[in-house]
Amino acid sequence: SQQGEEDPQALSIQEGENATMNCSYKTSINNLQWYRQNSGRGLVHLILIRSNEREKHSGRLRVTLDTSKKSSSLLITASRAADTASYFCATSRRVGGGADGLTFGKGTHLIIQP
Amino acid sequence: GAGVSQSPSNKVTEKGKDVELRCDPISGHTALYWYRQSLGQGLEFLIYFQGNSAPDKSGLPSDRFSAERTGGSVSTLTIQRTQQEDSAVYLCASSLLKDTGELFFGEGSRLTVL
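If you read the protein sequences in the order shown, they are chains A and B.
The opening residue of the first sequence carries number 70 in my numbering; numbering runs sequentially from there.
The opening residue of the second sequence carries number 952 in my numbering; numbering runs sequentially from there.
So that you can see chain A by itself, here it is in the shape it has in the complex (with noise of 0.2 angstroms):
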């Protein structure tokens, strides 16, 4: 089943915007992850939070985790056309993996317009 929900399902936005992308989870974990697919590839990790984070940053990526919501939220800050993507969260319940271990949401699709 999956753990995580993200919101929007689709965004579309000009380049040189901000955007913000949502996940929603039900239960307690120990770390949050982002992850990018690009059509018809693989998944890209992107940055990795910890339940004991609130936020963190990497380049123009912004990540902030609220463990009392249940909630996570990624911000592409200065979008660019190549950040078109599906974006997903995946939430890790459990260190070293398994079945319950890394478990994904349906993605956000985004759009940058030129």
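These are calculated hints, taken from the structure and not from any lab test.
Careful, some of the hints might be misleading.
[Stated by the list, open to error] Which residues of chain A face chain B? A partial, calculated answer using Cβ under 10 angstroms:
no., residue
1, S97
2, Q106
3, G109
4, R110
5, T153
6, S155
7, F157
8, L171
9, T172
10, G174
11, K175
12, G176
Just so you know, even glycine gets a beta-carbon here, dropped at the ideal spot from N, CA and C.
Please arrange chain B on chain A, whose structure you already have, making use of the hints.
Structure of chain B alone, referenced to chain A:
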């Protein structure tokens, strides 16, 4: 190679035939996952291998699906008597057994059952 390698990249088969999909993980990665992604959907967990431990097969949708991992490295996912609903992209990922659980994905094998 440097990344996770999957073959074939595309496979078209007739209903009722058996197919084998191969995954060559990153050298040294002890954990290996198979996921299935249907068009526009998230990732559905299928099976997980960790070292010499018994695999976690809890995600396999039916007994037509099986997987093995030889020598702790290459894995083969076999689908017997394929059905049209088996059409999907089958993604393989590997990781080091750390608390982060970051996965490295292959490009996937796209299976089309006619």
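For each hint, the structure was consulted:
The interface hint given for S97 of chain A is broken, as the beta carbon of that residue sits about 15 angstroms from the closest beta carbon of chain B, more than 10 angstroms. Interface hint status for Q106 of chain A: upheld, as the beta-carbon distance to the closest one in chain B is roughly 8 angstroms, under 10 angstroms. About 8 angstroms separates the beta-carbon of G109 of chain A from the nearest beta-carbon of chain B, less than 10 angstroms, and the hint is met. A cut of 10 angstroms between beta carbons decides the hint on R110 of chain A: the least distance to chain B is about 6 angstroms, and the hint holds.
Nearest Cβ of chain B to the Cβ of T153 of chain A: about 15 angstroms, over the 10 angstroms cut. The hint is violated. Contact between S155 of chain A and chain B, as hinted, is supported at the beta carbon level, the nearest pair being about 9 angstroms apart and thus within 10 angstroms. For F157 of chain A, the suggested interface contact is upheld, since its CB lies about 7 angstroms from the closest CB of chain B, less than 10 angstroms. The criterion of a C-beta within 10 angstroms of any C-beta in chain B is met by L171 of chain A, whose closest approach is roughly 5 angstroms, and the hint holds.
Of the supplied interface hints, the one on T172 of chain A holds, with its beta-carbon coming within about 7 angstroms of a beta-carbon of chain B, less than 10 angstroms. The closest approach between the C-beta of G174 of chain A and any C-beta of chain B is roughly 5 angstroms, which is under the 10 angstroms cut-off, so the hint is satisfied. A cut of 10 angstroms between beta carbons decides the hint on K175 of chain A: the least distance to chain B is about 4 angstroms, and the hint holds. Taking 10 angstroms as the C-beta contact cut-off toward chain B, the hint placing G176 of chain A at the interface holds, the least distance being around 6 angstroms.
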